[in-house]
Amino acid sequence: MLSRRRTLTLFVVLCLGHVLLISAQVQSGQGRSVLHDSAFGAVAAVQGSSAAVTQGAGGLWSHYFALVGASRENDELRARVVSLESELQAERARSAAVTALEQALKLQQSVVPPTLAARVIAGSPAPGTLTVTIDRGTSDGVTANMAVISGAGVVGRVIGQPTAHAARVQLLNSKSANTGALIEKTGDAALAAGGFADGLLRLELLSSAANVAVGDRIVTSGQDLIYPAGFVIGQVTAVNGSGKSREVVITPAVNFSHVNLVLVVLARPAQPGGDRKPTGEIKR
Amino acid sequence: MKTAAVVGVVVGSVLLQVLLAQFAIGGRLSFDLVLVGVVFVALQSGPVAGMLAGTIGGVMLDLMSGGLVGVGGLLKTIVGFAAGLMGTRLVVAKPYARALIVGAATLLHSFLSLGLQAAIDKWSGIAWAAMLGETAINVIAAYLAFLAIEALPGTMSRGRTRQRSAWGRRQW
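Just so you know, the protein sequences line up as chains Y and V, in that order. Residue numbering for the first sequence follows our numbering, starting at 1 and increasing by one per position. Residue numbering for the second sequence follows our numbering, starting at 285 and increasing by one per position.
Some clues are possibly wrong.
[Said to hold, decoys possible] Simulated restraints on C-beta separations:
1. V:Q401 <-> Y:A96: 48 to 54 Å
2. V:W412 <-> Y:L20: 30 to 36 Å
3. V:F395 <-> Y:V98: 33 to 39 Å
4. Y:V81 <-> V:A435: 52 to 58 Å
5. Y:T115 <-> V:V295: 35 to 41 Å
6. V:G438 <-> Y:A197: 43 to 49 Å
7. V:W412 <-> Y:A152: 23 to 29 Å
8. Y:T115 <-> V:I424: 39 to 45 Å
9. Y:L77 <-> V:K286: 16 to 22 Å
10. Y:V214 <-> V:A381: 35 to 41 Å
11. V:A289 <-> Y:A197: 34 to 40 Å
12. Y:V81 <-> V:A288: 42 to 48 Å
Just so you know, these hints were derived from the structure itself, not from any lab. Idealized CB from N, CA, C, for every residue including glycine.
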């Protein structure tokens, strides 16, 4: 049993040790270490196995036992496929017209970035950290800073060094997550930033002269060299104040607590003006 | 409580937290079983064991979550120390009393976390719903765990007695 004085000394020493450790990382700006990556590798393996077991059990239930309503759902899905096929044909026709115009005007060809489907296997073990683990890694061509999207819009980006079969994705509403953004209607550029207690995003660095209203759609600008331009970030749901102190609140298009399947964008946006490296986090 | 038992409780709670992280996608559910483990150790063995358990558990979680290493360690060290001090000053023998200490520890951890985040990065505001939800889940998990731990020695000795008596009957 330690004396009270020794206990207090140990407490102060431990706290100071942690503070020094944090300061060293904040000052050097180095986020990752071999220890980090090894720990993530081990955790991802455990989470992958447990997700396989849980989802296997869930799949057994939903595929064999809980088939009530499956027939009705099947009919609805058939109708949806027909509707989507007709939309696809219209989009193909539009795409052909755009390609023809680009060739006629000698413009750079628009390229649809290649994507890779991935399954979300776990959230972050540390509460309050908004990251998820996906079941794709370096063996599938996933590298750091690749954009991750879903059918609804932008999900986030790959952070850290992925392992062979897993990668960690920072969600767009997490601390220090930012992306270059545009107000679709006006084309005004800004920065969509996460890390707020309400889970919503804020539009920052927006010109005070820019015209923004509730309902405006916010899309990626591609300026951060991570997210390709034109992907939906969300919709403006509140504009508080005016002038320089104006706060623009964006409700993300993606419901981050229900992301199950995502797409990893395997290509980066074109780099205007030389070989700029993606910053990942834009300093505000 | 022996050192091996302290390490076992911390590592076990970290493992459980990692396994259950699939239910915490995007903040769907928020819980901190490592904190429950740290408070348990602190109440069983005092502030020194509490802060050491907090350091080990916090740093392990920091490494696994990819954030700044030391943030979780610092918070859990403080909470482990505080819970240990409370355990030496208050009578917290009953599972519900211990679970209440876990609730207080979760709130302290959340407020310290907000303060530290504001100091390092920016003030993000208080997410009351998430904070209270996490506190409720931690308290329930702690209550069930403490009940199970309290019932364990009795169940084991009853089992042993039953085995002995059955063996006696067989001999007869």
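Distance restraint hint 16 to 22 Å, applied to the beta-carbon atoms of L77 of chain Y and K286 of chain V: violated, 58 Å
Can you tell me whether the CB distance of Q401 of chain V to A96 of chain Y sits inside 48 to 54 Å? For A96 of chain Y against Q401 of chain V, whose Cβ atoms are near 51 Å apart, the range 48 to 54 Å holds.
Outcome for the supplied range 43 to 49 Å, where the beta carbon pair is G438 of chain V and A197 of chain Y: holds, 44 Å
Against the range 23 to 29 Å, how does the distance between the Cβ atoms of W412 of chain V and A152 of chain Y compare: consistent or not? Once the Cβ atoms are compared, 27 Å apart, the range 23 to 29 Å for A152 of chain Y and W412 of chain V holds.
Taking the CB of T115 of chain Y and the CB of V295 of chain V, does the distance hold inside 35 to 41 Å? holds, 39 Å
Starting from the range 52 to 58 Å, see whether the pair V81 of chain Y and A435 of chain V falls in it by beta-carbon distance. holds, 55 Å
Go ahead and decide if the range 34 to 40 Å is satisfied by the Cβ distance of A289 of chain V to A197 of chain Y. The hint (34 to 40 Å, Cβ to Cβ) holds, given that A289 of chain V and A197 of chain Y are roughly 38 Å apart.
Given a hint of 35 to 41 Å, does the C-beta separation of V214 of chain Y and A381 of chain V actually sit inside it? violated, 49 Å
33 to 39 Å was suggested as the range; check whether the CB atoms of F395 of chain V and V98 of chain Y agree with it. violated, 54 Å
Verdict for V81 of chain Y, A288 of chain V (Cβ pair) under range 42 to 48 Å: For A288 of chain V against V81 of chain Y, whose Cβ atoms are near 59 Å apart, the range 42 to 48 Å is violated.
Quick one: are T115 of chain Y and I424 of chain V within 39 to 45 Å, going by C-beta? Holds, at about 41 Å.
Using the C-beta atoms of W412 of chain V and L20 of chain Y, is the stated range 30 to 36 Å upheld? holds, 33 Å
Checked against the numbered hints given earlier, the structure breaks hints 3, 9, 10, 12 and satisfies all the rest.
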